[in-house]
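As you go down the protein sequences, you meet chains W and D in turn.
Residue numbering for the first sequence is 2 to 582, as defined by my numbering.
Residue numbering for the second sequence is 770 to 930, as defined by my numbering.
Since the hints were derived computationally from the structure, they do not count as laboratory data.
Heads up, the beta-carbon is just placed ideally off N, CA and C, and yes, glycines get one too.
A couple of the hints might just be wrong.
Below, a sample of chain D positions facing chain W; criterion: calculated Cβ distance under 7 Å [stated by the list, open to error]:
hint : residue
1    : 796
2    : 797
3    : 798
4    : 801
5    : 833
6    : 834
7    : 840
8    : 841
9    : 842
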Amino acid sequence: MSAQSATLKSKEELIEKWSKPEVITGSEMLLRSLLLEGVDCVFGYPGGAVLYIYDAMYGFSDFNHLLTRHEQGAIHAADGYARSTGKVGVCIATSGPGATNLVTGIATAYMDSVPLVVITGNVMSSLIGTDAFQEADIVGITMPITKHSYFVRNVEDLPRIIHEAFHIANTGRKGPVLIDIPKDVSAAKALFQPVKEVHLRGYNPTVQPNRNQVDKLVRAIEESERPVLLVGGGAIYSGAHEELYEFVTKTQIPITTTLLGLGAFPTGHELHMGFPGMHGTWTANTAIQNADLLINIGARFDDRVTGKLSGFAPHAKIVHIDIDPAEIGKNVPTDIPIVGDVKAVLQVANKLVKRADKADVWRTQIQAWKASKPFKYIDSDKELKPQWVVSMIHETTKGDAIVTTDVGQHQMWAAQYYPFNKPRSLITSGGLGTMGFGFPSAIGAQMGNPDRTVVSINGDGGMQMCAQELAICAINNIPVKIAVLNNQVLGMVRQWQELIHENRYSHIDLAGSPDFVKLAEAYGVRGFRATNKEEARRAWEEALKHPGPALVEFVVRKEENVYPMVTQGSTIDQMLMGDSE
Amino acid sequence: MNRKHTIAILVNDQPGVLQRVSGLFGRRGFNIESITVGASEEPGLSRMVIVTTGDDHTLEQIQKQLYKLIDVIKVIDVGSNPMVARELGLIKVGAEPSARPEILGIVETFRAAVVDIGPNSMIVQVVGDSDKLDAMIELLKPYGIREMTRTGVTAMIRGNR
């Protein structure tokens, strides 16, 4: 691990050292403020407009910075760090192209409510607006994809702005906050005084629920014969997995967790129905469509979950618990809205709820559905099946790894065949669906969890979108275990072209991609290839045993499709079962 | 059902705040019929008044989405209350000396004012609700409207609220 261990001084001594009021540059203020916010690792890439900031890092051993090979790698790593730890992820880039290279990562974090503080340099204040070299209006560009943003005009404002940014990023509905610092501001000197309080008149997230609304929820549960819980990422982000477990145990209501909610509740639990939606379980989708009460806890009724909105949960009374009032009623008309932090709401509800006594028949029905319609695929001894590979990864990591995925078929197979039992174990781009996210986010997850096994499951397409970060794994000995499910095609696009576009396979052939083993080795990462089960298991176990980073290329069947599948425009109970029938 | 809504938004007087608000409307597909911005009763805060059209669900979403902006302090659905809504229009109308008495007659009826007279044109200033401005413009059209500008609506709830 590269974490430069801070000197042996105690935390208190360090905080005292960083907090000392003295006249320093904006750059030093930035670094000290980040340290005072508890930041222990920053991902970044230097350039002209952040030269003073990087100069301040020189010889400042308290500050740990990981140099990526592309700004996109830096921000996805910061994202993986944030999702896996619950702390704010931080990245730094220079002005112009440095800043615009962050845009995909900012949008990724925004869609999935991930707390990031994104720091960009900009050209000197006197040059702003002149189309100067490497000038870009990054505040303007990112306005629709940030929770908030700052353009720093005066160095004196910097400590306050940084403190506010961390507060905004990691409270309420979490999200990325951008701080754009002109070069002269990072060079200017002023008296540094740490800011400990926040005064934001326009920002007061509602945490505690309205008791009357919770009472309505309790009554709805008592009356319900076919209740379903739909739990999303909000349950994980608010740290509510224990409260959720208590809630389910008390009410005995069958539960489905969305892609981002996987891990909020143990997948193996008898009341867990898997994840819902386009590639979710038959049981979860059928249960939602037949429910008379649907309790949404920290999910946002994404179209990949609801399918055709007008036919979604047609018989259900809808309860929606969310920290963001704007999500309630946005897509699905809601009968009982509850605004509040999921953890706080469940703490109140847990004192009041009782077992859903009228739902015994329903519970029996769901057990029968679960038994008759599990995820299924046709295994083969001739070719490697991607589902088998994921199951093997699950088995060999004892289900205890942090798994990051890229986007596409492998992402769905990871969600289907790696049962998650703990929160913050699956790191995946659900909302934006960002290819290139899987591998660099694993680097961040490993930095934040040095003692955990971090596995990154990728396709051969997405792996090539941020492969350059293999370098930082090798150089810093970040022991991420990378699986590449190589089917030599953009599999999910292939699947849609096969099923929706009548086998018109347009521009999806990835044959001729580099030899992934050689690619890994070129960067100094151990590489393995497997084409059958025996090789696969041997290579993977060796990769796990290897103390450093390792990549295993699994050559898998090209024509494999993800099932079940709900095609766009269908209600979620109209599922193509494919091979799993 | 689509209706006209008048919303007042109290915002921090910060650079970029107009862009945040108008950008939100554009991005979420909300319509802006008019937008006015200016100082409010409190230093450091500005008040925007936006006239928009949409159904009740859209209005609710607009309010909720606006509240997510950190620089937005308060959102008031002025239009759902008894309100005073005013807009100012400047209309440069063709006015040969022979036509002026007729035009002045219209101006007087509408309690408008003539604020500039040129050799063959005059500028009429009219203040009132949007319907009044529409009516006035309609009546001035036959004389030839050379140029026109409207401020958009600013509004306030009547009484003590």
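Here's how the hints hold up against the structure:
1. 796: holds (5 Å)
2. 797: Residue 797 of chain D check fails; min Cβ-Cβ to chain W is 9 Å, beyond 7 Å.
3. 798: Cβ of residue 798 of chain D sits 12 Å from chain W, so the hint is violated.
4. 801: violated (16 Å)
5. 833: holds (4 Å)
6. 834: holds (5 Å)
7. 840: holds (6 Å)
8. 841: Holds: closest Cβ of chain W sits about 5 Å from residue 841 of chain D, inside 7 Å.
9. 842: holds (5 Å)
Comparing the model with each numbered hint stated earlier shows that hints 2, 3, 4 do not hold.
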